[in-house]
Amino acid sequence: MRTSFFLAPFLSLLGLISARSSTGDKVLVVLEPSVQKDDYSKFWKSLKDRGFELTFKEPKDKDAELVKYGELNYDHLIMYAPGAKSFSPSLSPKSILNAQFSGLNTLYFLSPDLTESNRELLREYDIEFIEPSLTLLDAFNHPPESSISTVLLPPTSSIPDSNGEIISASTSSGGPIVYSSGTVHTTGQNPFLVDILHATKSSYIGKDKASKGEDNDNASKSKEPILNGKKATLVSALQSRDNVRIGFVGTGQLIKDDWWGTEVATKEGKSIKTGNADFISDFSKWIFQETGVVKIIDSTHYRKGETEPRELYTKKDEITYSLTLAKHYTTSNGTSAWGPFEVDDLQLDFTMLDPHVRTALTQDKSTSAEIGTNYKAKFIAPDRHGVFKFVVGYWRTGWSYIQSSTTASVVPLRHDEYPRFITGAWPYYIGACSTSVTFLIFCALWVSLGETDKDRKGKKKAE
Amino acid sequence: MAPKAKSPLATPSKSSQVTVPLPRKASEDVLSKAQDTDTEPLPSGTSTPKSNSRKLAYPLPTHISPTTINNTESLLRFVILALICGAAIGSRLFAVIRFESVIHEFDPWFNFRASKVLVNEGFYEFWNWFDPTAWYPLGRTVGTTLYPGLMVTSGLIWHFLRLINMPVDIRNVCVMLAPGFAGLTAWATYLFTTEMSTPSAGLLAAAFIGIAPGYISRSVAGSYDNEAIAIFILMACFYSWIKAMKTGSALWGMLTALFYGWMVAAWGGYVFITNMIPLHAFVLILMGRFNNRLYTAYSSWYVIGTISSMQVPFVEFLPIRTSEHMAALGVFGLLQLIAFVEIVRRLVPGKQFQLLLRAFVVLVFVVSFAALVVLTFSGWIAPFAGRFYSLWDTGYAKVHMPIIASVSEHQPTAWPSFFFDLEMLIFFFPAGVFWCFKELRDEQIFIIIYATLSAYFAGVMVRLMLVITPVVCVASAISFSKLLEAYIDPIIPESEEELEEATAHQPMSKAKAKKIAAAAQQNKSEFNFTGILGGKGEKGIFGLDTRFAVVSTLSLFLFIFVYHCTWVTQSAYSSPSVVLASRNQDGSQNIIDDFREAYYWIRQNTEKDAVIMSWWDYGYQIAGMADRPTLVDNNTWNNTHIATVGKAMSSNEDVAYPILRKHDVEYVLVIFGGLLGYSGDDINKFLWMVRIAQGEWPDEVQEVNYFTQRGEYAVDERATPTMKNSLMYKMSYYRFPELFGGHPAQDRVRGQTIPSAPIQLDTLDEAFTSENWIVRIYQVKKEDPIGRELSAVSSFESGKKLKRSASSDTAAGVKKGRPSM
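One line per chain: the protein sequences are A and B, in this order. Start counting the first sequence at 1; every next residue gets the next number (my numbering). Start counting the second sequence at 1001; every next residue gets the next number (my numbering).
A couple of the hints might just be wrong.
Reference excerpt, derived from the structure (chain A facing chain B, CB under 10 Å, subset only) [what the hints assert, rightly or not]:
#1 93
#2 100
#3 125
#4 188
#5 386
#6 417
Honestly, the hints are just simulated from the structure, not real lab data. Ideal Cβ placement from N, Cα and C applies to all residues, glycine included.
Start from the sequences, fold in the hints, and give me the full structure.
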């Protein structure tokens, strides 16, 4: 705990020379051959502007190694290969998952023509897709000149309110997001999954007649549940237990230059700036650990009147637990830094199998941390001995999961710590003393008044 | 060594010292019958000339003076006793010589660990010791939940040895403590038996207890358990009680109390003394033998003993709050009443008044007994503990407390084990009790009560064989020495007339002689059936051949006894059980050291605070040898916690995994004997885990599900799905068939063939398997970082592709609850 506290300034120094992401700046971009890199130049440029180093590879490139000698080669991965049928071993589903377990943030760009091997991988995240070659259609919300597969999504109704930390407010109230020939998925019961963008009420799933010119009755025959509105997820994200972030975007068209910072005509005939650039910037910032990142700087616990943590506390001790949290942010000159993180719903559990104490961690304004915000909780240790844990678990959408667990034991009073000469024991003290005194008096009387040898002899004679 | 102790009895040169007591005894018997008081012992010198006048079966040396005889006797006794102590210690060293100086079994490992804390950190730290690694996460306040007597004893010895500049490792003190105290036990038994009978019986008893397997089973070197010192304290306590009761000395009463206090500090079996002494006193009162000596002895024992027992933190107020101790309190009260009444009776004449007083005693007794019952039912006095009930109803524990019944040493004793542990003593034992009945002095009543009680208890629990062993040794030594005395005695009986003449010649008053004659007359009519030992001259032993036949037979018995004891000790009771031994085909010894191998693996390869889950049998060993936290251990104080482990072991992985995670378990350890044929493994204990778990969760774990339809406990193809899916089964047989390379995988303990279908473990990784597969350790997997079920993870790892997503069958959009982190 203390080492990280002292290291923190150095870490922030490191931030000066690296990207604004809190984890690193090396990005591997895997593009399938059919994707023209230049069609997305504005997106690449925006990433480079944010300080990332991009490396472009193809799915079958042998040298696209994610992990080398047990260390991650790249910090982030952009996977734009929905049509790839096979991958080089280093990009196989297993190695990608393993790399993600060791910290690789990933952004998947998908398409309606998702191959089965890709679907299998994505099912591991508990994401299920509609059948191939079906796309999201909307006959009401599309640019007049485009086909109905180019859906315009008004952010106010398509982005759930709970994503405030991921998608900024300006984006949520900004221009429509152009979702062109994209697929639809459902997020399962996996609690780590978050819906970022969903379809409008008027949208539906089907084959784009305009582009393919085929008969559209596949959709009705499909056994898939009919998806629309909130259930039809278009963009979703997963934050793993270790705070690794993985994003799923239903179509790569979202980052195409055509919709990046351009204007689009609505059906009312107005021309509005598209929200694609803002949306993807916000989303990729979150995925690449630039926003919504919180870390524990320091946590400690001590008894009243002390400052150092103990391994053993006595029952009914007054224990103080303090925690310092810091939020990652980007300074105005584009560097990485850690600043205060202020919330009012943090809580601490003092747990042995079940929480014995659950109390609020409140901001401690009295001491100012070098970095971040101090939180503090004071409580009386339970009247129960055992191995307890100070557990902090803060789980909010869009923020890193804050988990901390520190072990300390609560022990009974030592033999000499019990109160002495308590009032309730007076009867016993008096009893003991009076018995002793009486015994002494009795002995004295016996010795002085008892029969002498003479008496005894006389008695015997008398008998 | 041991035969030496007895050989003197058979040689003619020493026979003189044995023959001396018999004539004296015979006359004493008559005297005591006649006078009903203690006889003043006749000087032993008088009997020698008397016997000279008699016909002797073989010549005795005549020119030795009585003082020489006395001196030789005491020197011989001392030497013999010293040799017996040596034999007692020596026969317990098999374990050290065969294996090494190592702590044995399970409980001793805890005692050893506690002793180390005591020695290294001092007494106060030991007293306040809280062990966070035991019963994780509940912890154990060790200092106040153990009997510290054993550790304090060895700690004192250790300090003493250092004081005299003999720095000895505490481990060696612990290993050698039991043999050392066994030597002391022999000495205490000698003293005890001498009080009951003669010194020669005492020597025999000392020799018996020194090598009786029933006691050796608990006191070989390395068996560092409470019983190691408890039997010595028991005998010393009983000896000083007999002494106190006989002499009426408060000093001996206090000594009894101090030994009692030591016993309370050392062993939970002290309750036996707590009830034995009051019972003895109570029986004496009922027999009308109340006297001031009994009063002084009992009162001083009870008061000082109770106070000293209350100093033990673990006992504290139990002596006044539990039913087990109420008999002692009741008898104490009764004695006060009787003493009071006696005083009043002496001072106040009048027969009616006396009657009234007696009625008063009975009334007070009844009223206070009723009060006791009321207090018990109202909860002020704790009723008897469960273990106590299981002494009366052997089926009680199995139904109500499977945790107690699951311990093998709590099972009822099998008949052969009486012979195995006591050999010929078990046949001489009733004869000795008979002899006690015959004389029925106060102290012999003690033997009778002790014999009756312990004979019952030993039949109920294997463990209590230990309690019966001392009394068996004492009683059979009495009968044995009586036999030997009768047959070695060189006096050839005279006719009745001669006998009467001889008694008449003795210098004594006429009245006394008359009384004796009358008593002798009475004896004749009373004891016609008692034969040679009836104390009647005309039915003694006449020829030398009879003597030779019987004495040589008895000597043969003794030799066989020694042979048997040595054989049992070396073959059955000298295995440390942490190290196993087997014989190779060429007869050489093969040491199987899997336990220590595994425990050291844990010690070297896991985090210091990694929690290990195993069945409770191995808790102390893991704590002692691997130094890691355990969920449950041999101090079975929390049934629920043990049942939790039982449930985890007997459930399938889906049920077990949350339990493991909730308790922060990182490694699971199982003992598997299938490869080697080690029958004490977890699969054989498995049904107890199921039963204990069922006791807490009758809906979730059911014993029936682990038996085949035909009621068999099978692990092969016939095993039920519940059995096959249980964590214990999976962990035991994981990858086991692979070992046989296609051949049928044979479980050598159960004699069954394990199905060759591979067992899949989703939530555990095999971390370590010892050389002979006895110990298998599994690491608990962490939850999947991206929220998959662990079964899904392992099927993904094995290359299976998902055709549908995990929650595609259920309603979409409903998120599961927040996962535990």
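### Task
Output the numbers, in ascending order, of every earlier hint that fails for this structure.
none
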